[in-house]
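Full structure from sequences and hints, please.
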Amino acid sequence: MGKLRIGVVGLGAAAKNIHLPAIRKTAGLELVGGVDPAATVDQHAFPVFASLAEMLDKATPDIVAIVTPPDSHYPLICECLDAGVHVFCEKPFVETLEQGHDVIARAAAADRHVVVNNEFRFMNVHEAAYDRIGTDDFGDLLFISIHQTFFVTEETEAGWRGESKRRTCFEFGTHALDLCRYFFGEEPSRISARMPKPGRPEGADYLNLIQMEFSGDRVAHITLDRLSRGPHRYLDIRLDGTQSCIETRLGGQAEVAFGIRGGSKKPYMRLDFAPSGSAHLYQGDKRRK
0 MGKLRIGVVG
10 LGAAAKNIHL
20 PAIRKTAGLE
30 LVGGVDPAAT
40 VDQHAFPVFA
50 SLAEMLDKAT
60 PDIVAIVTPP
70 DSHYPLICEC
80 LDAGVHVFCE
90 KPFVETLEQG
100 HDVIARAAAA
110 DRHVVVNNEF
120 RFMNVHEAAY
130 DRIGTDDFGD
140 LLFISIHQTF
150 FVTEETEAGW
160 RGESKRRTCF
170 EFGTHALDLC
180 RYFFGEEPSR
190 ISARMPKPGR
200 PEGADYLNLI
210 QMEFSGDRVA
220 HITLDRLSRG
230 PHRYLDIRLD
240 GTQSCIETRL
250 GGQAEVAFGI
260 RGGSKKPYMR
270 LDFAPSGSAH
280 LYQGDKRRK
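The sequence shown begins at 0 in numbering that gives the first Met the number 0 and counts up one residue at a time.
No lab work stands behind these hints: they were computed from the structure. Positions of the beta carbon are idealized from the N, C-alpha and C atoms, including for glycine. Hints are supplied without guarantee of correctness; some may be wrong.
As the list claims (entries may be wrong) - Pairwise CB distance ranges, derived in the manner of DEER restraints:
hint: 1; residue 1: 57; residue 2: 241; range: 16 to 24 angstroms
hint: 2; residue 1: 193; residue 2: 21; range: 32 to 40 angstroms
hint: 3; residue 1: 45; residue 2: 242; range: 50 to 58 angstroms
hint: 4; residue 1: 229; residue 2: 21; range: 28 to 36 angstroms
hint: 5; residue 1: 282; residue 2: 110; range: 19 to 27 angstroms
hint: 6; residue 1: 42; residue 2: 98; range: 38 to 46 angstroms
hint: 7; residue 1: 202; residue 2: 24; range: 34 to 42 angstroms
Take a look at the structure:
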């Protein structure tokens, strides 16, 4: 089997920093073209087209990666499926449940795959945590707590993100929701949420309080706090099991800690160095990587 031909729609920051480097590193893919009205041919080492229709016709990709603002996803996905092309779509997927159901039906009718880029479950720290679930030292997973504090600035709100009223849950909450499904290994039976807007009733959903319920009376609680003016904590997760707990953190850190253990009252010193994230298993005060 030869290489799969892939085209990219949207050549902005996400494509430049994430998707194009990943495509170049993937041996089974051949980049055959891109679409972006603001891009020019001399900016890229591959053909750049004015429209998706032109790329589908001239470059004949097997797969199209859609890396555009979310309000454009649905029509672009439909155009690809109508042309018999597989789709790799950036999250958030589409804007409404009705659009989602329609895409699923179209993909089934065309016998084509539509994949959404929920990459957090494939990160090393989350895979390491997942692999401990069900083991003798962790036991069964009972409860998940996910927390983010995000310091919002003009830079973080640039482009379409700053214009979206569903800023936090729609753009980032999809990762947290998917991780809960991943760790519990099933779909939730019920989801409830509050999106209060203290002090800015017309603003974006900068505070998300979400609860997901799973079988066996198990629960996940998600707090996404972008009202915070405090330290930036991109994603902290705690998994409580029958035998121990696991804590993960995304984001680099170098830290020396001194203290007294609560149970034993013994002093301790700990050096943490994690350039991209960490995952630790705890049994009481005892910690293991």
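Open item on the list: So, against the hints stated earlier in the document, which numbers end up violated here?
Closed with: Per hint list: 1, 5 and 6 violated.
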